[in-house]
Amino acid sequence: MNNFDVKSFGIVNARVILDKALKNHYAIAHINANNLEWIKSTIEVAVETNSPVIIGFSMAAVKYIGGYKCCVDICVDIAEELNKIKKIPIVIHLDHGNYEACKEAINAGFTSIMFDGSSLPFEENLTKTKDLLVLANKNDVSFEAELGAIGSNLADGELADIEECKIFANLGITCLAIGIGNIHGIYPDDWKGLNFALLNDIHHATMNMPLVLHGGTGISDEQIQKSISLGIAKININTECQLAFAKAIRKYIESEYDLDLVKKGYDPRKILTFGANAIKETIIEKLKLFGSYGVNK
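Under the working numbering, the first residue of the sequence shown carries the number 1, and numbering increases by one thereafter.
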């Protein structure tokens, strides 16, 4: 179903940009999209800064936005408007998809999928990964798998098994999300940090496959940069953009800009743009931290 390539407004799958990131020791920012403002802000930043990005949609976000095809159509339409000249690589990615969701995303035109079978027994995860990988390859869709469930609100996230990582690396997947103590959401005060020894072992065991770090919000800059040096080529950011958006909207309302009837401060476009600008600022900070800012100049 996917006929997108870099000539089609920059919409691509993730293979080339992740391999390039790994080789050149930087990471691609995966920005979870929650609504139109997130999608538009991410594409605007990509084009304005000449930086490749991955726009990720959770199954819940897909439902909220209006379905898989709607997510693709919005991304492509905005990219056609903003990116037809520069053609900065932009990936449309399903984040933490189950088996059926991955199929729907591929059929709708997503250029990349993540099958999250990490909560399944290993053999079931492996079997379903193999099955979906055939469909993904047929449609030129990049494929992210996961080992070591990445939960939330845990002091110490789950850890991936090195031997299982070896098996998955041999399947021909594009990249592998691994549990190395990372969690989704806000990290608790007693979080123990990333397990760099395990990351280093997995990096070598998977023959330098691009590795993925979920739960990027709240990890220190030093740990982020060290993880990139050890094979992380894709880092997921969601909560931090949500917090920036909420803080900006709160400031707008508390400043009573919405009560300015002359300037029509109550216009939802003005309110949401205030929040969107905060999203853009956060994304730019992450691009600089990850080393991918301006790499497509």
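Treat the hints as calculated values from the structure; they're not laboratory data. Keep in mind that the hints are not guaranteed to be accurate.
Pairwise CB distance ranges (calculated) [what the hints assert, rightly or not]: (1) Asp140 / Lys263: 26 to 36 angstroms; (2) His25 / Ala197: 31 to 41 angstroms; (3) Lys23 / Glu124: 44 to 54 angstroms; (4) Thr127 / Met207: 33 to 43 angstroms; (5) Ala197 / Asp77: 28 to 38 angstroms; (6) Glu256 / Ala205: 48 to 58 angstroms; (7) Ser119 / Asp260: 48 to 58 angstroms; (8) Ser255 / Leu36: 36 to 46 angstroms; (9) Asp190 / Tyr64: 25 to 35 angstroms; (10) Asp260 / Lys138: 31 to 41 angstroms.
The beta carbon of each residue, even a glycine, is placed where N, CA and C say it ideally should be.
Each hint tested on the structure:
1. Separated by about 48 angstroms at the C-beta atoms, Asp140 and Lys263 break the suggested range of 26 to 36 angstroms.
2. Under the hint 31 to 41 angstroms, the C-beta atoms of His25 and Ala197, about 19 angstroms apart, miss the expected range.
3. Distance hint check for Lys23 and Glu124: the Cβ-Cβ separation is about 33 angstroms, which falls outside the suggested range of 44 to 54 angstroms.
4. Against the hinted window of 33 to 43 angstroms, the Cβ-Cβ separation of Thr127 and Met207 comes to about 22 angstroms, which falls outside the hint.
5. Separation of Ala197 from Asp77 is about 45 angstroms and departs from the stated range, judged on CB atoms against 28 to 38 angstroms.
6. The supplied range of 48 to 58 angstroms is met by Glu256 and Ala205, whose beta-carbon atoms lie about 57 angstroms from each other.
7. Ser119 and Asp260 have their C-beta atoms about 49 angstroms apart, which keeps the hinted 48 to 58 angstroms range intact.
8. Between Ser255 and Leu36 the C-beta distance comes to about 24 angstroms, which lies outside the given range of 36 to 46 angstroms.
9. Range check, Asp190 to Tyr64: about 33 angstroms between beta-carbon atoms, so the 25 to 35 angstroms window is met.
10. The hinted window of 31 to 41 angstroms between Asp260 and Lys138 is violated, with their beta carbons roughly 55 angstroms apart.
In this structure, the earlier hints numbered 1, 2, 3, 4, 5, 8, 10 are contradicted, and the remaining ones agree with it.
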